[in-house]
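J.: Make the full structure from the sequences, and use the hints.
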Amino acid sequence: MMLRAIYDWVDERLDLTPIWRDVADHEVPEHVNPAHHFSAFIYCFGGLTFFVVVIQILSGMFLALYYVPDIVNAHASVNYLQNELAMGAIVRGMHHWGASVAIVMLFLHTLRVFFTGSYKNPREFNWIVGLLIFAVMIGLGFTGYLLPWDNKAYFATKVGVEIAASVPFIGKYIAIFLQGGDIVGAVTLERFFALHVFFLPAALFMLLGVHFILIRRQGISGPL
Amino acid sequence: MSKKVSRRKFLTYMLGGTAGFLGAGMLFPMVRFAVDPVLKKGGGVGFVDVNLPVNQIKDKPIAVEFKVHRKDGWYEPAEGETLTAWVMRQNGKVVALSPVCKHLGCTVNWDSNPQFKNEFFCPCHFGRYYKDGTNVPGTPPSKPLDKYQIKEENGKLLIGPVIKA
Ligand code: HEM
Ligand code: FES
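Going down the list, the sequences are from chains A and B. Under our numbering, the residue at position 224 of the first sequence is numbered 224, and the numbers go up by one with no gaps. Under our numbering, the residue at position 155 of the second sequence is numbered 1155, and the numbers go up by one with no gaps.
Calculated directly from the structure, the hints in this document are not laboratory data. Just so it is clear, CB atoms sit at the ideal spot from N, CA and C, and this is done for glycine as well. There is no bait here: all hints are sound.
Residues of chain A placed beyond 12 Å of chain B at every Cβ, according to the derived structure:
id: 1; residue: A5
id: 2; residue: F38
id: 3; residue: A76
id: 4; residue: V129
id: 5; residue: V210
In the DSS-like style, the derived pairs of lysine-lysine whose C-alpha atoms are separated by at most 25 Å in a straight line are:
id: 6; chain 1: B; residue 1: K1164; chain 2: B; residue 2: K1131
id: 7; chain 1: B; residue 1: K1058; chain 2: B; residue 2: K1117
id: 8; chain 1: B; residue 1: K1143; chain 2: A; residue 2: K172
id: 9; chain 1: B; residue 1: K1067; chain 2: A; residue 2: K152
id: 10; chain 1: B; residue 1: K1071; chain 2: B; residue 2: K1040
id: 11; chain 1: B; residue 1: K1071; chain 2: B; residue 2: K1147
id: 12; chain 1: A; residue 1: K172; chain 2: B; residue 2: K1147
id: 13; chain 1: B; residue 1: K1040; chain 2: A; residue 2: K172
id: 14; chain 1: A; residue 1: K172; chain 2: B; residue 2: K1164
id: 15; chain 1: B; residue 1: K1058; chain 2: B; residue 2: K1151
id: 16; chain 1: A; residue 1: K152; chain 2: B; residue 2: K1071
id: 17; chain 1: B; residue 1: K1147; chain 2: B; residue 2: K1060
id: 18; chain 1: B; residue 1: K1041; chain 2: B; residue 2: K1147
id: 19; chain 1: B; residue 1: K1060; chain 2: B; residue 2: K1117
id: 20; chain 1: B; residue 1: K1131; chain 2: B; residue 2: K1147
id: 21; chain 1: B; residue 1: K1060; chain 2: B; residue 2: K1093
id: 22; chain 1: A; residue 1: K172; chain 2: B; residue 2: K1041
id: 23; chain 1: A; residue 1: K172; chain 2: B; residue 2: K1071
id: 24; chain 1: B; residue 1: K1164; chain 2: B; residue 2: K1147
id: 25; chain 1: B; residue 1: K1060; chain 2: B; residue 2: K1151
id: 26; chain 1: B; residue 1: K1067; chain 2: B; residue 2: K1040
Here are the in silico distance ranges between beta carbons for each label pair:
id: 27; chain 1: A; residue 1: W9; chain 2: B; residue 2: K1009; range: 47 to 53 Å
id: 28; chain 1: B; residue 1: V1005; chain 2: A; residue 2: G47; range: 47 to 53 Å
id: 29; chain 1: B; residue 1: R1089; chain 2: A; residue 2: A76; range: 38 to 44 Å
id: 30; chain 1: A; residue 1: Q218; chain 2: B; residue 2: F1028; range: 36 to 42 Å
id: 31; chain 1: A; residue 1: V54; chain 2: B; residue 2: G1080; range: 45 to 51 Å
id: 32; chain 1: A; residue 1: E124; chain 2: B; residue 2: V1005; range: 34 to 40 Å
id: 33; chain 1: A; residue 1: I215; chain 2: B; residue 2: I1163; range: 54 to 60 Å
id: 34; chain 1: B; residue 1: N1113; chain 2: A; residue 2: Y173; range: 34 to 40 Å
T.: Here it is in C-alpha cells:
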C-alpha cells in the first residue's frame, strides 16, 4: 500500500523501527493489567493523565488561534471564540473541563503510587519528578484560570497571589513578581499567558520526558 | 599530588568557563528583564477631592468612588482608575475604609448579605466585618479593614493613600 511504501522509504533512511520498538514493545505485567484483575485499573491513572494533558495541549494551541492576552480584549476574545465560532464552545469546553480532569487524574495517579508504595527505592527520584510535575500542573491551572479575565478569574488570582504573599519574608516579592507590579492588571494577564503557554508547558515536557525514561529504565513496581 | 594542572584539566576548565560565560551572558538580560517589576519603586498616591461635603457624611456607610492616577504596564488611562472607599461617621468622626478584604484580597460590600445585616460582607469566603471595620471573630479575616488617610478642605472630603497597618 501507499502508506506502507512511504513508511518503508523513510525507515530505510532513518532506521525508525528500532526506535519505536524501544518505546512501545515491552511486557505489561499481569498485576497491572485490568483484563486480568479488574482492580488493576488504578494503574491506568498515569496514562489517563497523559492522555488528558495531550488534550489540553492540543485544545490550548487551538484556543491560542483566537485568544488575546490583553485586559481590554481578553474577555471579548473568549466570548467570541466560544459563541461566534463553529465548535467554539466545544474546544473551549475541552480545555475548561480537561483542566479539572487532568488534575483529578494526576491526583488519583499520585494516590495509586502512594498506596502501592511505588515511591520507594529505587523509584524515589521518579517520585520527586512526579511532585515537580504536580507543581507545574497546578501552575498551569492557576495561570490558565486568569486568562478569561472575568470576575471569577480576577478574584481567584487575587486570592492566589495573596496566598503566595503570605510566605515569610519573601512573600511580598513573590507577589510583585507574579503580578508584574502592584496590582493584578495588564502586566499580570500578559505574564500569566506567557507562563501558561510557553514556560510551564516547556517545563512539563522536560519533566514528563524524565518521568517516562525513568519508568522504562526501572519498570513498573511489583505486585503488592 | 602535584599542583600542576594537566593540559586536559586546563582545557576542560577553559571550555567550562567559556560555556558558563556565554550562558550567563544570555540569561542575565532575560532574568533581569523578568524581575524588573520587583526592583521598580511604585509611585505614591496623593490626596483626591472626592467631591463630597463633609456635612453630608452620616453614620451609615456609603460607597464613595474616586479616581487615582495609576500606570498599569502600558495602560495609563487619562481619566485615572476608579477606587472605592466606604465613608461614614464613627462617634462623630469621619472614617474611610478600604474595601479590600483582609483575608485574601477580595472586595467587601456593606449590608450585601441579607443574613448579615449592617455588616461588611466578603463573598469569597464569607468574611465579615462590623461597621467600624473590625473583623467578626470566627470568620476568615484576621485583621480589621484598612483605613484611608483622609483630610478635610473647605468642608469637602479628600481621600489619600491607605494607611499601612
Ligand atoms: C497541560 C495542562 C493545562 C492546563 C491544566 C490548562 C488549564 C487552563 C485553564 C484552567 C484555563 C481557563 C479556561 C476557562 O476558564 O475556561 C485555560 C485557558 C487557556 N489555556 Fe490552558 N491549560 C493547559 C495547557 C495549555 C497549553 C499547552 C496551551 C497553549 C499552547 C494553553 C492555552 C490556553 C489559552 C489560550 C487559554 C485561554 C482561553 C480560555 O480561557 O478559554 N493551555 N487553561
Ligand atoms: S478574601 Fe474575603 S473572605 Fe476570603
